[in-house]
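Let the hints inform the model, and build the full structure from the sequences given.
Going down the list, the protein sequences come from chains A and B.
Number 663 marks the last residue of the first sequence (the working numbering); no jumps.
Number 129 marks the last residue of the second sequence (the working numbering); no jumps.
Treat the hints as calculated values from the structure; they're not laboratory data.
Do not rely on the hints blindly, as some may be mistaken.
Unchecked claim - Each computed DSS-like pair below joins lysine-lysine, with the alpha-carbon atoms no more than 30 Å apart:
id	chain 1	residue 1	chain 2	residue 2
1	B	Lys5	A	Lys645
2	A	Lys335	B	Lys106
3	B	Lys77	A	Lys656
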Amino acid sequence: MSGYLGKILYVDLSKEFISTYTLKPETYREWLGGSGLSAYLMDNLLKDKLGFLDPFDPENPLIFMTGPLTGTYLTGSSRVSVSALSPLTGIWGESHAGGFLGKEIKAAGYDGIIVTGRAKQPVVLYIEEEICLKETPELWGLDTYETYDRIRGNGSYQVAAIGPAGENQVLYASIIHNKGHAFGRTGMGAVMGSKNLKAIAVKGEQKTPVKDEIAFSKLRRDLLEKSKNSLAIQMLTSFGTNGTLEIGHLSGDVPIKGWQEGEWDEGVESLGAFSYNEKILKGNRSCFACSVACKRDVADPINPNKKAPGPEYETVAGFGTLLFNRDLELVASANDLCNRLGLDTISASSTIATAIRMSEDGLWDESNELSWDNPHVILTILEKIAAREDIGDILADGTSRLVARFNARHLDLTVKNLEVPYHDPRAYHGLGLAYATGNRGACHVSCLTLNIELGASIYQSIDIPDDFQGQTSVGKAKLVKEAQDLGSVFLAASGFCQLGSIPFDESDLQSALAAVTGKEYSLEELRSIGERIWQKKREINETRKVDKSADKLPDIFFRAQENGGAKGSTPDIDLLLKEYWQLRE
Amino acid sequence: MVFNDASELYKCIGGLFVKGAQHEAMGPKVKASNIIIRFNYTQPEASLTIDTQSTPPEGQYFNVIHGDNDLKADVVMSMTSDIAHQFWLGKVNLTLALSRGQMVAQGPIQSIMRLLPVIKPAYELYPQHLQEIGFDHLLPEEN
Ligand code: SF4
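Put into structure tokens, the structure is as follows:
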């Protein structure tokens, strides 16, 4: 079965039981891989318990899953997903990262890893020729970078670890792969912490089987050429994802001062692409076999003679513009701290922004140390969140629980309890609908809507009118549904990276799947796989009593900005949802 | 076609660039980029060059040259005149226009990105400029 290894590793930490799971070829065909296959597996593993299982129950399966393209040498195909019931949202949770982990899981002979149960002592799961669980109480309490340094040996292991935030079950704790590749969203690190699983270390030597090497080599060259000629990719290589800050600011896409302001020229200039390159950049890095190298290295805030992973757009927006902080070095320090502690930078910065707004409105006295004028306190607060100390203990539960606790629901910045990422639905109304209907909550990466509305990607099967505008709700429901279905295959299941695949379209995906798996996928079939995946995640949520009544946007997005690129614009969510559900049902 | 001939385009878009060259916020930023940008238009055919390297006329931070010239441009932007007009009115999604080939940008991405800070103030200047020169019939109704 080319493209796949045909085995999934199954580890029960409670019983110290290790085995492999095999799936029928039809199952791979129906769910493709990544979080699509994980949704199918979760449903099958939990069955009747799916509706009520606590995400911190040992039975909640933590599923790492690659796609058929992961680990091949196609540019931009390094992705691996992690899924579980989310402690932050209570529903389907998933998070994705690139790096080298996915390639290594396949090199070790597996398409994915299912971890269930809870170890008696903190353990590391070693996956190589032999699979073993090693008790490692000495690693508990270490940050993710120290953990990686202790485990990686001579560099041959690829590592996914949690930091203190995951150990203390901060609801938005992340899992960090090596240094700086974050499975950030939906609290997968907290699930890992609840299992007493400090890290997974993988190494192997198998090659992902490719069916048609000749077609694959030609495709590889063609995609590299396409990538090289794409302005968006050139921008990512030169400036990383933060290259979008200025252009996003033009269209009113960037969150400023808790989403309350529409423009901030000085801030965007201080935090933007050229400032980043001039002030803090030390080099580029890449994920496995990717020619884009959009990852940035900056001076290590702890040891400035060394390099450390630098902040990406979401983090610059979160700890920069959102918190009204124009100090780029401080943003880099906050990013470094979040990576080390194992905190999702989006949820952490959004929760802090909400606390500041509550403090401004006199709703929470204890949060007075937080203000728009005092950004340096961010670092102390992040430490407190990870340790669940003082107000950090309250902030560790995320925005929606914070606003519920202080009766300030009007300040909520979440959809289904997941903090909104840093693209403004007032600038892109389709994205607002994608957030509202997202199966993991507000999400900008599980569907193709953002790439389409930004204008970066064009797909043959998704119609974009000649006079396309981001700031209209008319006609967007169809676009979002199609972008979700296709995105569920393209991004969540195949192994392609959302950024690296910007210049690729459906025919490239079809050619890649044909060369790698040896199987032809019609466009119709790809769309129906995507729809199946989307529906399965939705069904999981509905089983957990979260249905379409939860498809909402935070209040702030219905207040039009008075200035900036999205001035006067608000999404017509009633129209969008009405049309969307007519198409879905 | 929005512009009947090249001279109308020079009045409207060329005039906007001159206003930009005189603008206290925008002018120094463009000047600091130290690049030469050529805009090639079709329907009607026209060409405008922003030259930040030679000495500008008094009151301007950079030169705006109408028509062909021998300067070696760092960045060349090509588009129809209608797209250019819509763009300066803030009605064109830049990234989408580039992806669709409605605009073609040639040159190093670092230089192309240098143009971004210029766009926002120019959006504000263009409708004002059209009004001032008696071309307000080219403004969309809401303006
Ligand atoms: S585009 Fe960037 S994030 Fe995606 S695979 Fe390449 S280097 Fe990694």
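Please name the hints from earlier in the document that this structure breaks, with their numbers sorted from lowest to highest.
-> none
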